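Protein chains in written order, with the numbering used here: chain X, 1 to 224; chain C, 1 to 118; chain G, 1 to 436; chain E, 1 to 555.
Simulated from the structure, these hints should not be mistaken for laboratory data. Please read all numbers here as calculations on a predicted model, not as lab measurements. Treat the hints with care, as some may be off.
[To be verified] Not everything, but these chain G residues come out facing chain C in the computed CB check (under 7 Å):
id : residue
1  : 36
2  : 103
3  : 117
4  : 120
5  : 123
6  : 162
7  : 370
No residue lacks a Cβ here, since even glycine has one placed at the ideal position from N, Cα and C.
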Amino acid sequence: MSSSNEATVSGPPHAHHWDPVTAYHGSKLGMWLFLATEILLFGVLFTAFAIFRYLYMEEFHHASQYLDWKMGAINTAVLIFSSFTAVLGVDAAQHGDNKKTFRWLCVTVACGFIFLIVKYLEYSHKAHIGLFPFIECNDHAQFCWDSVEFKNEFKMYFGLYYCMTMLHALHVIIGMGILTWALLKAKKNRYSTDYYTPVEMGALYWHLVDLIWIYLFPLLYLVD
Amino acid sequence: MSGHDNSEHGELGHIVPFKVYLAVCISLMVLTVITVVVAETVDVGSWNIVVAMLIASVKASLVALFFMHLKFEDPITWLYAGFPIVLLFLLMGGIFLDNPTRMEVKPVEVVDTLKAKE
Amino acid sequence: MFRYLPEQASEVAPKVDWLHHWITDLSVFFTVAICGAMLYFAVRYRKRDGVDHETPRIEGNNFLEIVWTVVPTIICVFVAYYGVVIYRDMVEVSEDPDQVVINGRGRQWAWDFQYQNGKVTTNEFVVPVNRPIRVVLTSTDVLHSFFLPAMRVKKDVVPGMYTYVSFTPVKEGEYHTFCTEYCGKDHSYMLASLKVVSQAEYDRWVNDRSAELMKASMSPAKLGAKLYYEKGCNACHSLDGSKVVGPTFLKLFGTERVFSDGSKATADENYIKNSILNPQSQIVEGYDAIPMPSFDGQINDNEITGIIEFLRGLDGSAPAPEQPEADEEKGQGEDLSALSPVERGKWVYENKLCITCHSLDGSKLVGPSFKGLYGREGELNDGSTYVANDEYIQKSIMDPASQIVKGYQPLMPPYAQQLGDEDVQGVIEYLKTLKE
Amino acid sequence: MSAHADGDDKNYLNCETTLWSWISTVDHKRIGLMYLFTITAFFIVGGLAALTFRIELFSSGAQFLTPDQYNVLFTLHGAIMIFLFIVPGIPATMGNFLLPLMIGAKDVAFPRLNLLSYYIYVVGAAMALIAIFNPFDYILSGFSAEQAFNPADTGWTFYAPYSVKSGSAVVWMTGAAFVLGFSSILTGLNFIVTVHKLRCPGMTWNRLPVFVWALYATSVIQTLATPVVGMTLVLLIMERVMGVGIFDPSMGGDPVLYEHFFWFYSHPVVYIMVLPAFGVVGEIIPVFSRKPIFGYKMVVYASVAIAAVGFLVWAHHMFTSGISDWTAIYFSVATFGVAIPTAVKVFNWVSTMYKGSISFETPMLYAMAFIFLFMVAGTTGVYLATLAVDVYYHDTYFVVAHFHYTIQGGAVIGLIAALHFWFPKISGKMYNEPVAKLAWFLVFVGFNLTFLPQFVLGMEGMPRRYFDYLPEFQPMHRLSTIGSFINGFGYTFALLNLLYAAVFGRVKAPRNPYNSLSLEWKTASPPSHHNFDEDPEVDDYPYAYGTPVEGGGHH
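Next up, chain X with everything else stripped away, as it sits in the complex (with noise of 0.2 Å):
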C-alpha cells in the first residue's frame, strides 16, 4: 500500500494542476503527514509495551535476557548508516548529481538487506530454543510458545517483540522497495536541481523506519 502511495504522492514533475515548487513542498507535508500516521500506528505498541513492561517488570526483564544485545546493536548501527548514506543521495540529487544518487541510495537499500539478515538470524535461533509462534512444539526446543508455562514466564513480552520488530521489518521492506524505484529513476537521470521529489520522499521513510528502530532498540534488548 505504503509503496504504490509513495508512487502517487510525487508525481511526475510539473503536474499538470500546481507549479512544480508548490508541488515538492505539497508532496513534502503530505509525506510528514503520511510519517504522523506510522508513528501512531507503532505509537499503539509502544503503548501496550509500555503498560505492561509497568505490570510485569520482571517477567519483562527475565524475557529481555533472550534477546541478543549485540545483534540490536550491529542493527542499530547498520540503520543509522543507512539513514546517512539516504541523505547522502538526497544530497547528491540537490546537486542534481544522478551518479552519486544512484550509489548512495545502492548502499542505503545494501544496508537494508544487512539489517534483514541480522533479523533473520536472530528469529532463526528464536526458533530453535521454541521461542517463535507458528512452530510446532518439539522436544528439541527449551521453549513451548503455546504451553501455560511459557506465558506465565515471559507474559506477552516476545507477542510484543514479534509484533513490533515483524511491524519495523515490514517497514524496512517496504522502505527498500521505495528506494529502489528512487535510485531506477537516478540511473535514468529523472533528477535535477528542479526536481528530486521520490528521493526526497524515500529517504524521509527511510529515516523514519531508522527513527522507529532508535527507540525500540533500548527497549527491547536492554530494558531491566
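Position chains C, G and E against the provided structure of chain X, taking the given hints into account.
Just chains C, G and E, lined up with the frame of chain X:
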C-alpha cells in the same frame, strides 16, 4: 498561516553541508555506544529506562532535525510532526491514568459451612 | 419523562434521579428555546411573495458569543460536579461490618452467586433490605455487564479482573438484573432476579442449603443430567446426535475420538474429565478450538463423576432426560393420607432431606444420628440440657436454630413452612421406632 | 447521466464517456461521485439489515430470526454503516467534489492518491463482503452446511475477548476495517495538503467557507486517529493468529486496554462523521437566510476545538468498564468540554436566521431539521457525559437513540441536505421540489418515531443488543419499528427523486440557482473538467450577504 504558501520563493529543499551530516552520523553512533554502555554497566534502578529513552530521544531529534531537514521546515510541518507525538503521550497518559489507579477488588472469602464440619 | 425510570429501590437511586430530573429540565428548556427561536425566525423573517427583502449584514456579536460560551460552561460545570459527587456515593466502598458481600460471576450465559457461607445460586440472588450490599464480580469467559436498573448501578464484568457494584436496597421486592455488555448468542437471556427481603427472611434463605444438599444426595447420573442443563453444556452439546457448536453427547462415551492434530483416544473417564477441565488440550477434529471455557474450579470431583455417569447412560437405549422444570418437590402428587404415621415419618425422612444429615446407624454426619435419639438426654450449645421428647423434636424441626446440640453447628433449615402437623407427628412416631 | 449533454458544453460528466474513463479517472468530481454511488449501495445494505432486525424486535419473544442471526445482523448494520457508509460519508463524497471547487483549485493535491484511496476503499469493502458471506470457511469445511453463513457477530466494536473467541469472519471484518482506515487516512492527508497548498489567490484562511474548515478539522482527525484503531485491529488479528495475549486476561492481558485503544479512535470518529455535517449546515443557512453566518470566527474555532477536544474524551464510552474511578471522573469532566463548542455552533446557526429573508427550499428544511435533531442529540449527550447518570444509561437503548440522533440525525441528514443543496452543481439538473419536501417530511417523522421511543426504552432500562426482551418493553419497540419503516421510505423517496432528476430531469440548473456567494457556484453547472474556465480569485469571504451595517464587521 497566511495564504501565500503557493507563491513561495523558487528554492526547493534546504542544502546542508556534508560535514553536518557526518557530524550527526558520528554523534548517533557515539550515542548508541553510550546507550549500550550505560545499560550494561550503570544501574540506577528504574531510572535506567528513563536514561535510555532520553538518549533515544536525543538521537531521534538529531535524525529528525538534520537528516529529515525538520530544522528547515515551515511551522505547518513542525505542527504535523509534533501532533502525533502529543497524541501518543495523550494515549499513554490516559492508559497510565487508568491502569495503575484501578482499585484492588478482592472477592469475599467464603467459608463453606457445609464443608467446614466434615 | 420522569415516570419511565424504574422504581427507586436503592439509597442512591433518588439522587441519580434528582440529577436526571435537572438535566431533563435544562435540556427541555434549551431545546424549546433554541428550536422555538428558530421557528420564530423562520416565520417572522420568511421570504414573502418569492421576493427577497433587504437583510442587514450582521456578521456576529462578541457579547452574545461570550454569553453563550460562558453560560453553558457554568451549567456544564455544575452538572459535571453533581455527576461526580453522586458517582462517588455510588462506588463508595462501605467499611460497614454490617455489609453483605456476595461473589458474582458472569459466564455465557448465566450469573452465579456465592455467599460468604458457601451458598451458591444461579440466576437469582437474595439480599436483605436496608443493609449495604456489595457484589464482587468477575467473568469466566468474555465481557458481561451487571445491571440492576432499580438500584441504578451497573458494572462491566471482566475476565481476569474483579469489579464490584455496591448499593443499599431500601424496598423489598423482586427486581431485574440484566447483562448489558454484548456477550454472544444468548446475551438477551442472561437475566437474573434480585429479591430484596427482610433480614429475617434473608437469614432463613441464606442458611437454607437444602437445594445443594439435595444435589449431594442425588444419584451421579441424575446429578450429571441436572448439571448438563445448569452449567450450560446444553448450549453446545446436543443429546440427540445433532452437531451444534461441540460434539453431541449421544453415544459419546466409550467411542474413539480423533483430534485435530491427528491423534486418537478413547472417550473414557479420564478423557471426559480432562475435556471438562482443559477443553483446549484435545479438540476433536472438525471443531473450533476456541469456544469451550475450562470448568476448572467451577465443578468438583463429585460433579465430574456425575457427568461421566450421565454420559455413560447416553447410549441411545433410553430417551434423553428432559430439562427439569424446577426443583420439583419429590412425592408431589403421591397420596400420603393412606400412610400410617410411622410410614409417613419415614417418607418425610427420605424425601425432605433429613437423610442427608441425620444417619440411622448411629454415625455422626452433619447432624446427630436419629438412631436412639428419641428420649435421649444431653447438653445443648448454650449449656442447658434437653430431653428428646415430642415437644423437643417438634421444636427442632420447626425452629432448629433455637436448640443446637453441643458439638454441632446451626445448619439445619427451618421446616415450619414445609411440613404439616401430620408430617411432624409422623417423624416423631418414626423416631420412636428407632430407639435402641 | 451524460445522456442529455449538449455537444457544445463539455463538462466533467460528458467530456469522456467510456467506462474506463470513469474507473481510471483522477478527477476529484468523478471520484466523489463514485464514492457516492458505492456508499449509497452500502447504506441500502446496512439499512435493510436494520429493518430486518426491527421486524424481529416488533414483538417480545423470538419471531423469525435466531439469536445468532440477530447478532450477525446488528453487527453488519453497525460495521457497514460506520466503516463503509458514514465515515467516508460526507468527506469522501461531498468533500471530494466540493473542496477544490470551494477553494478555487483545479483538483485535490494528489489526484492519483485520491483514486488509490477509492480503490483501497473498494478492497476494504470486498473484504467486508467476504466477512459477510465467509466463503472460505465454507469451502475449507468441505461445504459443510453449518459454515455456509457464518459472518462476524461481535458488534461493530469488536470487543475482546469475545472477538478473539468468535468465528473466523471476525478476522475479515477487522481486516476490512483496517483497510478502510487506510483509505480514510489517505483522503484526509490529501485534503490537508490541498487546503494548505492549493487555495486560489485571495483565499486566505479567514475567507475559507466553513464547510472547508470543517473538512480540514475532519481530515486532521482522519489522518491522526485512524492509525490507532488500525494497529489495534491488527493486534486483535495477531492475538488470534499467534496468541500474543495483550487482550487475553488468562495470559495477564487486559481486555479494557482494547477498549481504550478502540475508543481513542472511535470517539474522534464520530466527529469525522458529524463535523462535515456541521459545515454543510453552516453553508446552507446563510444562503437561504440571505445573511452572513453569525460569528464566522467562532464557528470556525468551534470546529477546530471540537476536533481537538475530541481526542481528550475517549474513555467516556467506558465509565462502567472497570476503569479506575479517577479516570472516569477525568473523562466525564473533559467530555463536557465538547458540549460547549457544539452549543456555540447551534447558537450561531440559529442567530444567522435573525432578520433574514428565509426561504424554505428542501436543503433549508433539512438544515432546520438538523438543528432540532442535533439539539436532542446534544442534550441527551449531557446525560451520558454525567458520570452518575451514565452508569444507569450505559449500554441501554438510551445510548442507541442518542447515537442515532447524532449520526443519523446529524451526519446522514447533513449528507442528504448536502446532496440536495449541491445537486444542481453536481448533476446540472433541478430536482422535483414537492417530492423532495414529502421525502423530507417522511424522513423527519419516521426518524423521530424510530428513536424517540428508544429514549423511553433506555429510561425503562432496556439494554441494547438484545435479541429478545421482556414484555413490558413491547409498546415502545413497536412504535420504533413502525417509525423505522417510515424513515426507510423517506430515504427511498429522497434518493429516487434525486436519481430520477439526474437521469431523466429536464430542468437544467443555472450556474447559481440560490444566488450563493461561495466559489463553487461561480463555475458552470455541472463544472467543466478543469473546474473553472478562468483562474478564480476572491476578495471577500463567501458570506457577505445583505446590506452592510455599522459594527460587527468580519475583518
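So, going through the hints one by one against the coordinates:
no. : hint : in the structure
1   : 36   : violated, 39 Å
2   : 103  : holds, 4 Å
3   : 117  : holds, 5 Å
4   : 120  : violated, 9 Å
5   : 123  : violated, 19 Å
6   : 162  : holds, 4 Å
7   : 370  : violated, 18 Å
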